[in-house]
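A.B. asks: Chains A, B and C, in that order, are what the protein sequence lines are. Take the first sequence: its letter number 231 is residue 263 in the numbering used here, and every next letter is one higher. Take the second sequence: its letter number 152 is residue 678 in the numbering used here, and every next letter is one higher. Take the third sequence: its letter number 9 is residue 24 in the numbering used here, and every next letter is one higher.
Some clues are possibly wrong.
Not everything, but these chain B residues come out facing chain A in the computed CB check (under 8 Å) [claimed, not checked]:
| hint | residue |
| --- | --- |
| 1 | V601 |
| 2 | L646 |
| 3 | G650 |
Okay, the calculated beta carbon distance ranges per label pair [stated by the list, open to error]:
| hint | chain 1 | residue 1 | chain 2 | residue 2 | range |
| --- | --- | --- | --- | --- | --- |
| 4 | A | G81 | C | P172 | 42 to 52 Å |
| 5 | C | V174 | B | S529 | 46 to 56 Å |
| 6 | C | G247 | B | E645 | 44 to 54 Å |
| 7 | B | E645 | C | K157 | 53 to 63 Å |
| 8 | B | R703 | A | L280 | 21 to 31 Å |
| 9 | B | G560 | C | P172 | 40 to 50 Å |
| 10 | A | V95 | C | K161 | 31 to 41 Å |
Rather than coming from a laboratory, the hints here were simulated on the basis of the structure. None of these values were measured; they are calculated from a predicted model. Ideal Cβ positions, reconstructed from N, Cα and C, are used throughout, including at glycine.
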Amino acid sequence: MSALPASVARPRPRVGGAGAIGFGIATLWLSVIVLLPLAAVVDRSLADGLGAFWDAAFSRQAVAALRFTVLMSLIVTAINAAFGTLIAWVLVRDRFPGKKVLNAVIDLPFALPTIVAGLTLLALYGDAIAFTKWAVLLAMLFVTLPFCIRAVQPVLMELDREMEEAAASLGASGATIFRRIVLPNLVPAIVSGGALAFARAVGEFGSIVLISGNIPFDTQVTSVYAFKQIESDNIGGAAAVSIVLLTLSLAILVALRLVERWGARHDG
Amino acid sequence: MASRLTLRAIALAYLGAVLLVPVAVILYRTLEPGVGEVWASITTPAAISAFWLTVTVTAIAVPLNTVFGILTALVLVRSRVRGRRFLEAIIDLPFAVSPVVIGLSLILLYGRGGWFGDELADAGIQIIFSLPGIVLATIFVCVPFVVREVAPVLREIGDDQEQAATTLGANAWQTFRRITLPSIRWGVAYGVILSTARAVGEFGAVSVVSGKIAGETETLTLLVEKRFQNFDVAGAYAASALLAVIALTTLLAMTLVHPRKDSA
Amino acid sequence: MKPIALRLFGVPALLVALLVVATGCGGASDEPTSSGQSSGSADGGQTISLVAYSTPEVVYDEIIADFAKTPDGKGIQFKESYGGSGEQSRAVAAGLKADVVAFSLAPDVTRLVDEGLVAADWNTRHRDGLVSTSLVSFIVRKGNSKNIRSWDDLLKPDVEVVTGNPFTSGGAKWNILGAYAHGGLDYVSKLIKEHVRVQPKSAREALQAFTGGQGDVLISYENEAILAQKKGQDVDYVTPDDTFLIENPIAVTKTASATANTFVDFALSREGQQRFAEWGYRPVDKEVLKANASKFPEPKKVTTIADLGGWSKVDDALFDADQGSVAKIEETAGVSTAK
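Produce the complete structure using the sequences and hints provided.
C.D. replies: Encoded structure:
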């Protein structure tokens, strides 16, 4: 590579068709679709004054709901990361009858309205866990199932097998190959999928509400608490608590993103 | 290999408990009343309206989202533009926002008394409680999908080939079309599949911004809720089946158009 | 690689074409056998937009069909929207077009008065602005093996109570008011803290939780009970001797046409009120109520919202999200049941 003239060896910003114009368009798009609406919510949450914002966002119930939501979501993310990677591996590398069908079914939790998911889970696992923390966990697992799987699958498919084969020929066991060669390449994707799963779990409303029993301080998730505020005409309060949750989730997501980038940088 | 079987067993067991059994129950409950009933259930005027509305909304939201998603992924991974970290930070925002708040935000913007509400009303443009509002809410929830699917792939494959193509004289668009796009097609495909499934299944935000006008702004998910509310459980499951059909059709189309290279 | 581009732009193009064709299809009716009364753009005729809470949808479907047969109602198109009472009220406040609004409790109409969308004297017109009433009742398992008949029975040791959450569902406030009218805050406190394990988001969801196996008794409305039975649910219901009167308001908006007023009058006519009676709602028309007396026994003692000082007083004292007495009870309930 050093034989090439410097001007060519150094990648120009326009490689890949992006660059400044692309950045501008992408930003404009995201601003209109995402930022503008959220700005309206932030504005509304502060409209009654900073004091009201604080009271609403950090009331005892709000904090309890927040803690419950975030904790549940983190647990769900961890489970999803582990099993999601495993399932992606099996779907890409393994071969068995019915694999295609299975692959297709994985996206169903998305397409099915969460109300269906909730009621079905309730019907299935019924009284034993209904209205408990387990119910919330199960519902969250169901609706976030596809994320890690679908994030890891494409990466696994593009993975260059050479190094694995080299390691195998040198006598490394399957587990070692996975741990030292495959996994590092997958970490960005796993984290990416995990971030999606976390974010979704945090915002989830439909299926959880139905089976969570909604007891304040016990099984009430933040999105339901926000709904209560809206119902009581406390729009500012709903906005406030939602902004807090959003900020917290954003912080966790940004942290996950940094991990993802770190993993990518240490890529082979 | 024994470990291969073990992995397969664990994967299947987990999927079984969390996904397959619930789906089987849904399938059973859907077909329980008999195919005739199910057919009658999904061909009522309300169901047909809801179906086409959902399809319309998805047909607008997903392609838009895909195009901009690919663009954003390219900007994030390939470019050196300053401020792309900022872009990255807001990509995931839609996920962390609860549907209730999404609906609220759109009403704060376009509803009566909102930021643009009165101007729009004067101009006679109806966004909230009409199709545009539903589309906006749907796009909102789908924003991260394509980016999140394509970006890791872009990172994984590296830009060697693209650089080579540029060296050989290809312009940006040609490079994109012939080198980049083919290599990210799995990411794009899965991004489309996920966003389609998410778009058809969206309930909370749409529930707030649609106005639930029967036959006009009632999507399939809203119809499912209404039927559950009215003790028409079988009808609700039947309508849900339609949702699953749309999602699965997309998946099928995607895999047919690019037959998967089944590895191993 | 062409496939992606083609697919991306080809599919929506195809779909848009299909949609142009499909626009004529569909409609509002969810009945399999009907030819479907298509809603949407009125071709020359008038349109009435009805925004209502969800449970009387079955009644309004019939009333609208009846209305279409009358000379006043001929050729009138209807746009109907049903949802949670509070949600619907807020939607109208946010710009959802409405000519006739029918909600589950008066504060949802008051909200629209405050927004300038409904005239302040709405409750002096059209028979005091009410279209139907009901009573707070207990829905129990078929056979009522636990013999639950009164409010005090709810406090028996092994009785588990389900009720809608009054803070997410305006309609669920009626239940708490019933409890309050019986035994004041002490009673409500005991009830919520010791006997209510779940509080689903809405009254209908509470009913579904109950029929799904939760709890021994559901505090709900008489009309919900009758509807549930009509829809084949395996339940019985008991109206306690002292109960609360549920009053469902109806109003026209300021921008509504004369025909909208005619429609409301129709809903309040013999014919309309009989439809309500058939579905379990107590008619406000005394004659129709008498004619259906077998279905609607008179309880010994009925408290009304007026007896408690009106909604604004009650909402402030009991249901204010921070200061209300019930809100405080709910908070402490959470603490004591936290695992």
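A.B. asks: Now look at each hint and say whether the structure bears it out.
C.D. replies: Right, here's what the structure says about each hint:
1. V601: holds (4 Å)
2. L646: Because about 14 Å separates B/L646 from the closest Cβ in chain A, which is outside the 8 Å limit, the hint is violated.
3. G650: With Cβ-Cβ at 21 Å, over 8 Å, it is violated.
4. A/G81 / C/P172: 42 to 52 Å: Because 48 Å falls inside the window, the suggested range holds.
5. C/V174 / B/S529: 46 to 56 Å: Holds, since C/V174 and B/S529 (Cβ atoms, about 54 Å apart) stay within the stated range.
6. C/G247 / B/E645: 44 to 54 Å: Hint holds: Cβ distance 51 Å, inside 44 to 54 Å.
7. B/E645 / C/K157: 53 to 63 Å: For C/K157 against B/E645, whose Cβ atoms are near 57 Å apart, the range 53 to 63 Å holds.
8. B/R703 / A/L280: 21 to 31 Å: violated (41 Å)
9. B/G560 / C/P172: 40 to 50 Å: holds (45 Å)
10. A/V95 / C/K161: 31 to 41 Å: For C/K161 against A/V95, whose Cβ atoms are near 38 Å apart, the range 31 to 41 Å holds.
In this structure, the earlier hints numbered 2, 3, 8 are contradicted, and the remaining ones agree with it.
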